[in-house]
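Protein chains in written order, with the numbering used here: chain Y, 1 to 422; chain Z, 423 to 697.
Simulated from the structure, these hints should not be mistaken for laboratory data. Even for Gly, the Cβ is constructed at its ideal location relative to N, Cα and C. No incorrect hints appear here.
What follows is a set of in silico ranges between Cβ atoms, one per label pair, in the way DEER data are often shown:
no.: 1; chain 1: Y; residue 1: 161; chain 2: Z; residue 2: 547; range: 35 to 45 angstroms
no.: 2; chain 1: Y; residue 1: 127; chain 2: Z; residue 2: 645; range: 50 to 60 angstroms
no.: 3; chain 1: Y; residue 1: 127; chain 2: Z; residue 2: 536; range: 24 to 34 angstroms
no.: 4; chain 1: Z; residue 1: 554; chain 2: Y; residue 2: 10; range: 13 to 23 angstroms
no.: 5; chain 1: Y; residue 1: 150; chain 2: Z; residue 2: 534; range: 45 to 55 angstroms
no.: 6; chain 1: Z; residue 1: 430; chain 2: Y; residue 2: 129; range: 34 to 44 angstroms
no.: 7; chain 1: Y; residue 1: 90; chain 2: Z; residue 2: 519; range: 51 to 61 angstroms
no.: 8; chain 1: Z; residue 1: 507; chain 2: Y; residue 2: 129; range: 26 to 36 angstroms
no.: 9; chain 1: Y; residue 1: 384; chain 2: Z; residue 2: 430; range: 47 to 57 angstroms
no.: 10; chain 1: Y; residue 1: 121; chain 2: Z; residue 2: 491; range: 19 to 29 angstroms
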Amino acid sequence: MNLKANRSTIGFIGVSLLIIVFVQVLISVGVLSAFWATLISIGAVMGIVSLGLNLIYGFNGQFSLGQWGFYAIGAYTAADVTYRWSQEHSASGLVIVSLVVLLVGGSFLLIRYMLSRIRGLDPLSAFSLYLIGVVIAGFLAVKIGQFIINPVTAMFNILPASLAMQIIFFLAVLLAGALAAEVSFIFGMPVLTLGSDYFGIATLGFTIIVKVLLDNSDVLLGFEEMKGARGMVGIPKLTSWLWVSLFLLAVVIVTRNLLHSSNGRAMISVREDEIAAKAMGIDLAQQKTLTFVLGSFFAGLAGALYAHINGFLHPNTFNFIKSFDPMIIIVFGGLGSVTGTVMAAFAWALVLEGVLRLVLPTGFETWRFVVYPVLLLIMMLLRPKGLFGAFEFPFLRQVLPPLRKSQGSAATTPKPTIAEGD
Amino acid sequence: MTDQNQPLLLEISALNKNFGGLRAVKNFELSIHKGELVGLIGPNGAGKTTVFNLITGIYVASSGTIKFKDQNMVGIPPFEITRTGIARTFQNIRLFPNLTVLDNVRIAYHSHAGYNLLDAIVRTPRFFHHEKELTERAQDFLGVFNLQDRQGEIAKNLPYGEQRRLEIARALAAEPQLLLLDEPAAGMNSKEVVTLMELIHFIRDRFKLTILLIEHQMRVVMGVCEWITVMDFGEVIARGNPAEIQSDPKVVEAYLGRGAAELAKKLSEKRSHVA
Numbered sequence: 001m002n003l004k005a006n007r008s009t010i011g012f013i014g015v016s017l018l019i020i021v022f023v024q025v026l027i028s029v030g031v032l033s034a035f036w037a038t039l040i041s042i043g044a045v046m047g048i049v050s051l052g053l054n055l056i057y058g059f060n061g062q063f064s065l066g067q068w069g070f071y072a073i074g075a076y077t078a079a080d081v082t083y084r085w086s087q088e089h090s091a092s093g094l095v096i097v098s099l100v101v102l103l104v105g106g107s108f109l110l111i112r113y114m115l116s117r118i119r120g121l122d123p124l125s126a127f128s129l130y131l132i133g134v135v136i137a138g139f140l141a142v143k144i145g146q147f148i149i150n151p152v153t154a155m156f157n158i159l160p161a162s163l164a165m166q167i168i169f170f171l172a173v174l175l176a177g178a179l180a181a182e183v184s185f186i187f188g189m190p191v192l193t194l195g196s197d198y199f200g201i202a203t204l205g206f207t208i209i210v211k212v213l214l215d216n217s218d219v220l221l222g223f224e225e226m227k228g229a230r231g232m233v234g235i236p237k238l239t240s241w242l243w244v245s246l247f248l249l250a251v252v253i254v255t256r257n258l259l260h261s262s263n264g265r266a267m268i269s270v271r272e273d274e275i276a277a278k279a280m281g282i283d284l285a286q287q288k289t290l291t292f293v294l295g296s297f298f299a300g301l302a303g304a305l306y307a308h309i310n311g312f313l314h315p316n317t318f319n320f321i322k323s324f325d326p327m328i329i330i331v332f333g334g335l336g337s338v339t340g341t342v343m344a345a346f347a348w349a350l351v352l353e354g355v356l357r358l359v360l361p362t363g364f365e366t367w368r369f370v371v372y373p374v375l376l377l378i379m380m381l382l383r384p385k386g387l388f389g390a391f392e393f394p395f396l397r398q399v400l401p402p403l404r405k406s407q408g409s410a411a412t413t414p415k416p417t418i419a420e421g422d
Numbered sequence: 423m424t425d426q427n428q429p430l431l432l433e434i435s436a437l438n439k440n441f442g443g444l445r446a447v448k449n450f451e452l453s454i455h456k457g458e459l460v461g462l463i464g465p466n467g468a469g470k471t472t473v474f475n476l477i478t479g480i481y482v483a484s485s486g487t488i489k490f491k492d493q494n495m496v497g498i499p500p501f502e503i504t505r506t507g508i509a510r511t512f513q514n515i516r517l518f519p520n521l522t523v524l525d526n527v528r529i530a531y532h533s534h535a536g537y538n539l540l541d542a543i544v545r546t547p548r549f550f551h552h553e554k555e556l557t558e559r560a561q562d563f564l565g566v567f568n569l570q571d572r573q574g575e576i577a578k579n580l581p582y583g584e585q586r587r588l589e590i591a592r593a594l595a596a597e598p599q600l601l602l603l604d605e606p607a608a609g610m611n612s613k614e615v616v617t618l619m620e621l622i623h624f625i626r627d628r629f630k631l632t633i634l635l636i637e638h639q640m641r642v643v644m645g646v647c648e649w650i651t652v653m654d655f656g657e658v659i660a661r662g663n664p665a666e667i668q669s670d671p672k673v674v675e676a677y678l679g680r681g682a683a684e685l686a687k688k689l690s691e692k693r694s695h696v697a
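Using the sequences and the hints, build the whole thing.
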């Protein structure tokens, strides 16, 4: 809109693209070994999942340990879709997951619309209605899916193999995010009414449930290819630095646009003071759900990208202990700082996972888990607001709108000095 | 002074609120006509703020009705009550402390921002148009309260008096018809109180508001309000214009105790004998 904002937008996207291309060149030329290329991709993935958590905890003030559960859901969903295509040459995963996402999403919108006309329905009844919607939509999705798996598979077979793979991968990532978002919607409805601490415990429970389900995914859920606690193998390694960095860039821009809008301000006001927010006409439940769903969407995306880095998934990766990783990253980078989160995510991957692993003598890698807490402790003592505090790069910073001097305001303010009191 | 011909804006009848065994508000009745400036006073713990919380929906009444614009507000969630036209300030200031002064006011526009989440994320022209408009409106509001030069400052860094003004500005930005002020003069020095009284009159006339005010400083209540309702132990013990309230023995008793009330009575009798 205004010139200055425009310049910083172009500057930011330009510099980001330059960095992305530069890193890609380094990888292609071989300056960065496969080890470092993987780590930097993991850094970007952690950036996405931590940005989601920063929305929920840093900006909306809801202490959540469930981020890792949604990350796991995203990882296994996307892995299943691409696995079925690459190993079984069937688009069944893609078809079923997209139908589930569409129908469940549609049923949510429909129920939401119907509920908006009824006043005073208690949350539990609403929750049960949504749950019934999920069951019906899921059942329908599987039934309808059977008919269109073959035509869709045939359609993708027409395309060149590598292109079809990339398209399916891209769709799988988006679907994984959407599925995680829908799960978070249904899970968040009863849980978000809890106070902050209780909410933290409940979400921790969610992460543990997801991990246990994944441990038994072959027996309990009937997904043989996930192989339960033995770990899922044979996932195509599709996540390149380009994919993951472009997703990160998109997530950063979406986050920034959201935060600098009325919705973002409403979101932050919930963190600042719930009672005052209510008194200003802000629907707390709606804002909390919205943030939680969006944060989980990012977690799902990140999980999907992660699954295709190593081509191997194990339920232990999604252990609840690991769910503190994004928490450590956002506390390190600064709660409520987009810049800090992204920087800390890369630092986490490159320094703690990379440099320390190389520097520490063999057999001492586990010392990393002593270094983490010590660093965190020093951090809390010296810079409790995080490495970056509230600092943001110019593009991510809120631009203060200029004051309109004299013209309009003089006419509308007959007594501008009325409150000159102190 | 007040226009009884104006329609009723707020009508509270037989309102009760129990907290367990404690009856915080008993059979509370209050009617406010459009354009009136009404005071609600009473000793500490009389239930004044509870009444505010009941009107704004933060508490749900145990029984009774609160009619605003002929619509019963009991059981409606607070954010919807605000959207129908009731805004309030708080006894102990509740700003959004880490946000800028401008954002504090802009949050009040959220319910009618004019664009949705998707517009915000992809930055459609609609977003830019409405965002500009609501920013200018917020700046105008800050101008009215002489805070426009402070727009970029973090709210918690403002001096106390300015925080109070910002809170009132924020409440007004929600475009209420009824404004509830909970002890706006608390913690102010006498000079600030004078400007506050001017401010209350000014915003009433400027924004054509109806105001309900809780206040402990008698100077403010007596100087500003047209009608006063006095509460004690959750019940209404007197109502009338400032002159009537000042001479009501029940009010004196509630504030100063029975002995003092008798003393005051004797004193006034003695004074009339002398005269």
